[in-house]
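Novice: This is what each chain is made of:
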Amino acid sequence: MKFSTSAKLFFGAMAVMGTLAPGIAGAQSVAVTSIVEHPALDALKDGVKQALTEGGYTEDKGLKWQFQTAQGNTAIAAQIARKFVGDQPDVIVAIATPSAQAVVAATKTIPVVYAAVTDPVAAQLVKSMEPSGTNVTGVSDSLALEKQVELIKKVVPAAKRVGMVYNPGEANSVVVVKQMRELLPKNGMSLVEATAARTVDVGAAARSLVGKVDVIYTNTDNNVVSAYESLVKVGTDAKIPLIASDTDSVKRGAIAALGVNYHDLGIQTGKMVIKILKGQAPGTLASETSDKLELYVNPGAAQKQGVTLSDALIKSATQVVK
Amino acid sequence: MSIYSLWGALEIGLIFGLVALGVLISFRILRFPDLTVDGSFPLGGAVAATLISAGMDPFTSTLVATLAGAFAGSITGWLNVKLKIMDLLASILMMIALYSINLRIMGRPNVPLISDPTVFTVLQPEGLSDYIARPMILLVLVVVVKFALDWYFATQTGLAMRATGSNPRMARSQGVATGRAVLAGMAISNALCALGGALFAQSQGGADISMGIGTIVIGLAAVIVGESIMPSRKMMIATLAVIIGAVLYRFFIALALNIDFIGLQAQDLNLVTAVLVTIALVIPLVRKRLRGKTGGR
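Heads up: the sequence lines are chains X and W, in that order.
First residue of the first sequence? That's 1 in the working numbering, and the numbers climb one at a time after it.
First residue of the second sequence? That's 1001 in the working numbering, and the numbers climb one at a time after it.
Keep in mind that the hints were calculated from the coordinates and are not lab data.
Values in this document were obtained by computation on a predicted structure and should not be read as measured data.
Idealized CB from N, CA, C, for every residue including glycine.
Treat the hints with care, as some may be off.
Said to hold, decoys possible - Covered stretches of chain W, as calculated for chain X (at least 3 residues, CB under 8 Å):
| # | region |
| --- | --- |
| 1 | 1162–1170 |
| 2 | 1198–1205 |
| 3 | 1209–1223 |
| 4 | 1278–1287 |
As the list claims (entries may be wrong) - Below, simulated SDA-like cross-link-like pairs (lysine to any residue); rule was C-alpha separation at most 20 Å, straight line:
| # | chain 1 | residue 1 | chain 2 | residue 2 |
| --- | --- | --- | --- | --- |
| 5 | X | K108 | W | L1006 |
| 6 | X | K160 | X | N135 |
| 7 | X | K108 | W | L1240 |
| 8 | X | K108 | W | E1126 |
| 9 | X | K127 | W | L1103 |
| 10 | X | K271 | X | G72 |
| 11 | X | K108 | W | I1114 |
| 12 | X | K178 | W | T1060 |
| 13 | X | K108 | W | S1002 |
| 14 | X | K178 | W | R1104 |
| 15 | X | K64 | W | S1002 |
| 16 | X | K64 | W | N1258 |
| 17 | X | K251 | X | N222 |
| 18 | X | K239 | X | R198 |
| 19 | X | K178 | W | L1103 |
What the hints assert, rightly or not - Short derived list, chain X residues pointing at chain W, Cβ under 7 Å:
| # | residue |
| --- | --- |
| 20 | Q71 |
| 21 | R82 |
| 22 | T97 |
| 23 | P98 |
| 24 | Q101 |
| 25 | A102 |
| 26 | A123 |
| 27 | S128 |
| 28 | P168 |
| 29 | G169 |
| 30 | Q319 |
| 31 | K322 |
Assemble the whole structure, with the sequences as input and the hints as a guide.
Specialist: Shown next as structure tokens:
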């Protein structure tokens, strides 16, 4: 947006007045920050904007929208948080754990809606998934892992040993691995882990699983998703079926994925933002998880990785990748 | 730019001022290209956050974090001095080792401190907002550290360390134990970085394994910006200059975050920061040239 300094001061003053007299039409503003930019997080951000547009909040009608990315740097995330607190928007949307923590540490008053945080309780953003009573609420992208285990069973009914490749430095992945470690034995299966601290390690980590596992399951680990092709190569060469958690990976060679659509997650987040803009206190809104899951299957990849998908599974899919 | 942005830039700038002092010791005084910093900064954060969330009081936790940094730095020094591994490689080895060590210490990639006591919440005077109190507390601490370093580098061991950096052969011929000087210098340097990391974690709501990425780059930028705006061979001015450099660097980022005209977008942030720093570095040169002309050579 193009503002002269005096106009900025003016709007700054307006924002202050806006907080004193809530409900002034046209003074509403939403500030969005993300730790990095990548396809899933960008889709989420666009979803938020779409929900706002559909709800009648557009820049033409006076909504002030701003987006800042920390470019992967936590110190910049902290500075963005301070800038937002100074700008006094009506709602701050914080995407991914480090950005959300920086914002929550910087303000106890401005409403904060987090998004794409797998475990908001462990990240101390909220005490529980119930209404927090504070200025924080949001949408988690955690997956109900029971459903993931069901999918593994449907794709590879004989699977006993499940391999996972993940980055030990990614909070979201560590949460999933920890839960899987407890969940799989209950289903008569065991977990075999292989870590990849960098994207270039993904292929080697997958190769280390050859002969030790019947199927490889991956979560939305940023390293793994970035280098999914190297996983596909191992899966095809060694005839190990691959199951992912994001639908895009199915197009790249996974057999199946039951995943959150990040654009829909953004819309869900945006609806929450609208509730707060309309006057609801964030502390009265419970944290949400995704209500929509999509199943993508890839029969061609299944054949290459040595399994045949049941017709029932193919029929239940949201999309069949040819 | 809002007042919050400015206080925030000062706060984070002062924290990186500690890192800049550490980098000044390794790169400038010892002439040891030390990348350990990228590991010792999150090491400080990891140790402090883990201990605090385990219930230890924040001051002891911060002290232990600082000592952990000193230990890491002395291992880098030891790899170089005793095992004769090239300085840059020794620091790279220590940096990558610390990634795993930090994960081990934290037990997970992210340890939040949002609801725990920190040195800032304990020291915060009543009636002063936290966004002002934190930079004030940091200012006092950084000034104390600066004068402590100034004092140290005027003592015999401090002077021996400076001699080791500028001319090791001469220093040895004067009876300086150069190996020990390198070890001590690296320990002090990385202790300061870890202290910075410990305070960063406490002011930003927690430690994250990714918090070390690019620390050395920011530290070096602070040192170079500081040196070019306040060039001096005096230790007292050099330490002041790098702190100012670190704070200035954060102000440039705050400024870049507020530049939203001529079609610049969020992803242009690093580019804008780079351009602003370049301008800051060129100004003294331009001024010198102009002065040279009016002086009538």
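Novice: Taking 20 Å as the top limit, are the C-alpha atoms of K127/X and L1103/W close enough?
Specialist: violated, 24 Å
Novice: Given the proposed pairing of K108/X with I1114/W, does the C-alpha separation stay at or below 20 Å?
Specialist: holds, 11 Å
Novice: Closer than 7 Å between Cβ atoms is the bar; does P168/X clear it against chain W? Give me holds or violated.
Specialist: Because about 6 Å separates P168/X from the closest Cβ in chain W, which is inside the 7 Å limit, the hint holds.
Novice: Holds or violated: is there a CB of chain W closer than 7 Å to the CB of Q71/X?
Specialist: It holds, given that the least Cβ distance between Q71/X and chain W is near 6 Å, below 7 Å.
Novice: Does K178/X pair with L1103/W here, judged by a C-alpha cut-off of 20 Å?
Specialist: Measuring from Cα to Cα gives roughly 15 Å; hence the hint holds.
Novice: Against the 20 Å threshold, does the CA-CA distance of K271/X and G72/X hold or violate the hint?
Specialist: violated, 27 Å
Novice: Does the alpha-carbon distance linking K64/X and N1258/W stay inside the 20 Å limit?
Specialist: At roughly 14 Å apart (the allowed maximum being 20 Å), N1258/W and K64/X satisfy the hint.
Novice: If you draw a straight line from the CA of K239/X to the CA of R198/X, is it 20 Å or shorter?
Specialist: violated, 24 Å
Novice: The hint names A102/X as touching chain W; please verify it with the least Cβ-Cβ distance against 7 Å.
Specialist: Because about 6 Å separates A102/X from the closest Cβ in chain W, which is inside the 7 Å limit, the hint holds.
Novice: Is the hinted pair K178/X and R1104/W satisfied, with a Cα-Cα distance of at most 20 Å?
Specialist: holds, 15 Å
Novice: Would you check the hint for K108/X and L1240/W, treating anything up to 20 Å between C-alpha atoms as holding?
Specialist: violated, 34 Å
Novice: So, as I understand it, the hint says A123/X touches chain W; can you test that by seeing if any CB pair is closer than 7 Å?
Specialist: holds, 5 Å
Checked against the numbered hints given earlier, this structure breaks hints 1, 4, 6, 7, 9, 10, 12, 18, 27, 30 and 31; the rest are met.
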